[in-house]
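Enquirer: Here the protein sequences line up with chains Z and G, keeping their order.
Under this note's numbering, the residues of the first sequence are numbered 631 to 1075, in order.
Under this note's numbering, the residues of the second sequence are numbered 16 to 255, in order.
Source of the hints: derived by calculation from the structure; they are not laboratory data.
Ideal Cβ placement from N, Cα and C applies to all residues, glycine included.
Be careful, since some hints might not be right.
[Said to hold, decoys possible] Taking lysine to aspartate or glutamate pairs in the DMTMM-like style, the calculated list, with each CA pair at most 25 Å apart, reads:
(1) Lys1063/Z x Asp84/G
(2) Lys635/Z x Glu46/G
(3) Lys1031/Z x Glu663/Z
(4) Lys1063/Z x Glu196/G
(5) Lys668/Z x Glu1034/Z
(6) Lys999/Z x Glu76/G
(7) Lys77/G x Asp1015/Z
(8) Lys1014/Z x Asp84/G
(9) Lys1014/Z x Glu196/G
(10) Lys1014/Z x Glu91/G
(11) Lys92/G x Glu663/Z
(12) Lys1057/Z x Glu196/G
(13) Lys999/Z x Asp103/G
(14) Lys197/G x Asp1015/Z
(15) Lys683/Z x Asp709/Z
(16) Lys1063/Z x Glu91/G
(17) Lys254/G x Glu663/Z
(18) Lys1057/Z x Asp103/G
(19) Lys1057/Z x Glu76/G
(20) Lys197/G x Glu663/Z
(21) Lys1057/Z x Glu91/G
(22) Lys1005/Z x Asp103/G
(23) Lys1057/Z x Asp84/G
(24) Lys92/G x Glu967/Z
(25) Lys999/Z x Asp84/G
[Claimed, not checked] In silico negatives: residues of chain G with every beta carbon more than 12 Å from chain Z:
(26) Tyr114
(27) Ile122
(28) Ala245
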Amino acid sequence: MNRKKLLIGVGVVVILGAIAYANIAFKKETGVEVTVEKIEKRDLQALVSASGKIQPKRSVNVSAETMGKVVDLKVNEGDTVAQGQFLMQIDPRNLQTAVNSRTASLAANRSALEETKKSLENAQLSLKTAQDNLRRQTDLFKAGIGTKEVYERAQDDVKAREGDIARIQQSITTQQTRLKQDEANLESAEYDLNKVRLVSPIAGIVTKRNIEEGETVVTGTMNNAGTVLLIIADMSVIEAEVEVDETDIPNVAVGQIASIKIDAFPDKKFAAKVTEVGNSPITVAGQATRATNFKVTVQIEGLVPDVRPGFTCTAEITTATRQKVVSVPIQATTVREMVVDANGQMVREPIDPKEASRPRRPTTTAELKPGQERKELEGVFVVKDGRAVFTPLKVGIAGDKFFEVLDGLKEGDEVITGPFASVRAMKDGDQVKISTSSAASTTKK
Amino acid sequence: MTEAVAAETAPALGLFARVIGIITSPKATFEAIVRSPKVIGVLALVAFLAGAPQSAINLTEKGRQAAVDFNVQQMEKFGVTVTDQMYDSIVARQKYAVYTAFVGTFIGMPIFLLLVAGIFWVVFNAIMGGTAEFKQVMAVVAHSMVISGIGAIFTGIINFARGSITTSVANLGTLLPMLPEKSFAANIAGAIDVFSIWWVLVLSIGLGVLYKRKTSGVATGLFTVYAVIAICMSYFFSKG
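With these hints in hand, go ahead and build the complete structure from the sequences.
Expert: Shown next, in the form of structure tokens:
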């Protein structure tokens, strides 16, 4: 019995000894499992993304300058037209009649002018005859051969012929003036007639047709969309008008390169360049709470086949580039309220190696020293000796997935990138375990 | 007959003898305890054994910090987000833990004893037709808790050596560190505690002696309840 109890006692002691040893030797590594990524140098591009619509650089609204019925219409929406190409004919009959009438009137007046000119020639001959007669009668009168009566009649005859010539010349002047008026009238009528024949002012595509053959058009007026018959867009130069958020607009400048992705062509990207940056915010009536955006025009380089105005698109504008800079994954960055000294430097209590296994806690308000304050700092958690050490960062440009690091990290540092919930709840000094998958991928890199 | 008379007239065991007897000869010791049930002395001793390590660990700064961390971990385990204010409050309270741990144990232990003894009295007397007095049940349960007291001392020593606090250091989980943390298997292994098993075993012997039942039968019942609780808790924490 005693032997049995002794054995049980020894067994209990052995078990407890083994447990005690296990507690010390197999002390479980505590801390949350995290994924990490090594800090590397990368080429970065700061991109501003904005969506908008495709527009031609130049488009013309074709309106009628005269009222009338459309008797011939030669284009449909989507047709490609050349500059000067016939588009449509408005009924020309009234205007043609006017042209014909004025042409006839002009011809008649020209004829009358010619007649008057002939009369002038006759009058000039009559004057010459009268002058010759006057010279003879003057000689005869001075010689005492001729009578004074005949002499004076010859003088009156010359004056009468001169008066005839002056009258005819005045008539010619009047007729010439009238002729010019008729020519102007004819020109005006021809111009009016020309206005009923519409031709394309530019080369492009008919993007809108608001008229059908047989309909009556009215004279177009500015800002009256209802009078626009056709819209012709010059698709040789395509632009994207995009709306950029107010927080991004200071970084956008004319001349920056961009790439355009048109939703209709999901597999293609088009090179482009910023050509205009709006200075006034886009306002939409009735949407006071809308985000403030600015219009930015990005011109696509080269031709875009099959593109149509109004296609939705997304522009990625490269606002800055950096070559081979230290960069940190965006998802690793976070904000924590930390204690800073009077110089703004983060204050961190040194870790006692004897207490390395214990999670550190934030300094309580009561423990703040003079000059210290709590401040929100942007930074990352760097893994050091199995702990997540909050490291403040100064970041530069933001790329697609990485921030440029201006200060705070160096190549080779391991920053915690996830899981998201862990990073969000993590505190400076928390114990962490690097997940095996993360460690493997980091080693591969 | 001679043996029975001799047993009934045998002198009652002292506190030290009973405590040692619970470890070395539990059946004989419980027979003596049932004959002469005493509670106060052993209850005070068990409360002391349970409270002393908790109080002692708060005597040092390192121990206090470990206790603070343990409290925070326990709160976070149950989904509570510990704010700076809460943390400050925990740190402030921990300064008095040397005393409050003791006081708390001396208040909590009798309540726990009454509760457990009450359950057994109801089960064995009211339901199963036993005739034991409540004082006897209390005496059996209180003496069985000596094992828990030993467990508390052992846990306190290990916690102090490790510099951190856990509620159970003598469980199967400590020998199986390869199990994934918070997994059901790890939780089950963590629930299989040497001192808890020992306590249930000793309690079964005591209740068997008190109600004149086979230890194996009582132990089977108690271990079944233990297993059900362990499985439920393990499942709950593995999901949480």
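Enquirer: If a hint holds in the structure, say so; if it does not, say that too.
Expert: Verification of the hints:
1. Of the pairs offered as hints, the one joining lysine 1063/Z and aspartate 84/G holds, with about 18 Å between alpha carbons and a cut-off of 25 Å not exceeded.
2. With a CA separation close to 19 Å, the supplied pair lysine 635/Z and glutamate 46/G stays within the 25 Å bound.
3. A threshold of 25 Å between alpha carbons decides the hint, and for lysine 1031/Z with glutamate 663/Z the separation of about 23 Å falls inside it, so the pair holds.
4. Proposed proximity of lysine 1063/Z and glutamate 196/G is supported: the alpha carbons are some 12 Å apart, at most 25 Å.
5. Distance check on the hinted pair: lysine 668/Z and glutamate 1034/Z sit about 14 Å apart at the alpha-carbon level, within 25 Å; holds.
6. For the proposed pair lysine 999/Z and glutamate 76/G, the alpha carbon gap of about 21 Å is at most 25 Å, so the pair holds.
7. In summary, the hint linking lysine 77/G to aspartate 1015/Z is supported, as the alpha carbons are separated by about 20 Å, within the 25 Å threshold.
8. Taking the CA atoms of lysine 1014/Z and aspartate 84/G, the gap is near 21 Å; set against the 25 Å cutoff, the hint holds.
9. Between lysine 1014/Z and glutamate 196/G, the direct Cα distance comes to roughly 22 Å. Compliance with the 25 Å bound is thereby established for this hinted pair.
10. Between lysine 1014/Z and glutamate 91/G the alpha-carbon distance is near 24 Å, which keeps this suggested pair within the 25 Å criterion.
11. Only pairs whose Cα atoms come within 25 Å are accepted, and lysine 92/G paired with glutamate 663/Z is accepted, the gap being roughly 16 Å.
12. Proximity of lysine 1057/Z to glutamate 196/G is assessed by CA-CA distance (about 20 Å); at most 25 Å being required, the pair is judged to hold.
13. Our distance criterion of 25 Å between C-alpha atoms is met by lysine 999/Z and aspartate 103/G, whose separation comes to about 16 Å.
14. The hinted pair formed by lysine 197/G and aspartate 1015/Z meets the criterion: a straight-line CA distance of about 23 Å does not exceed 25 Å.
15. The hinted pair formed by lysine 683/Z and aspartate 709/Z meets the criterion: a straight-line CA distance of about 21 Å does not exceed 25 Å.
16. A hinted pair counts as satisfied when its Cα atoms are at most 25 Å apart, and lysine 1063/Z with glutamate 91/G qualifies at roughly 18 Å.
17. Distance hint between lysine 254/G and glutamate 663/Z is fulfilled; the C-alpha atoms sit about 17 Å from each other, no more than 25 Å.
18. At roughly 16 Å between alpha-carbon atoms, lysine 1057/Z and aspartate 103/G fall within 25 Å of each other, so this suggested pair holds.
19. With a C-alpha separation of about 22 Å, the suggested pair lysine 1057/Z and glutamate 76/G falls inside the 25 Å cut-off, and the hint holds.
20. Taking the CA atoms of lysine 197/G and glutamate 663/Z, the gap is near 12 Å; set against the 25 Å cutoff, the hint holds.
21. Of the supplied pair hints, the one linking lysine 1057/Z and glutamate 91/G holds, its CA atoms being roughly 13 Å apart against a limit of 25 Å.
22. The suggested pairing of lysine 1005/Z with aspartate 103/G holds, with an alpha-carbon distance near 19 Å, which does not exceed 25 Å.
23. Restraint check for lysine 1057/Z and aspartate 84/G: the C-alpha separation of about 13 Å stays at or below 25 Å, so the hint holds.
24. Of the pairs offered as hints, the one joining lysine 92/G and glutamate 967/Z holds, with about 24 Å between alpha carbons and a cut-off of 25 Å not exceeded.
25. Under the criterion of a C-alpha separation no larger than 25 Å, the hint pairing lysine 999/Z with aspartate 84/G is consistent with the structure, at around 23 Å.
26. Here tyrosine 114/G stays apart from chain Z, with its beta-carbon at least about 22 Å from theirs, past the 12 Å limit.
27. With a closest Cβ-Cβ approach of about 29 Å to chain Z, isoleucine 122/G is found to remain outside the 12 Å limit, as its non-interface label requires.
28. For alanine 245/G, the non-interface assignment is confirmed: its Cβ lies about 18 Å from the closest Cβ of chain Z, beyond the 12 Å cut-off.
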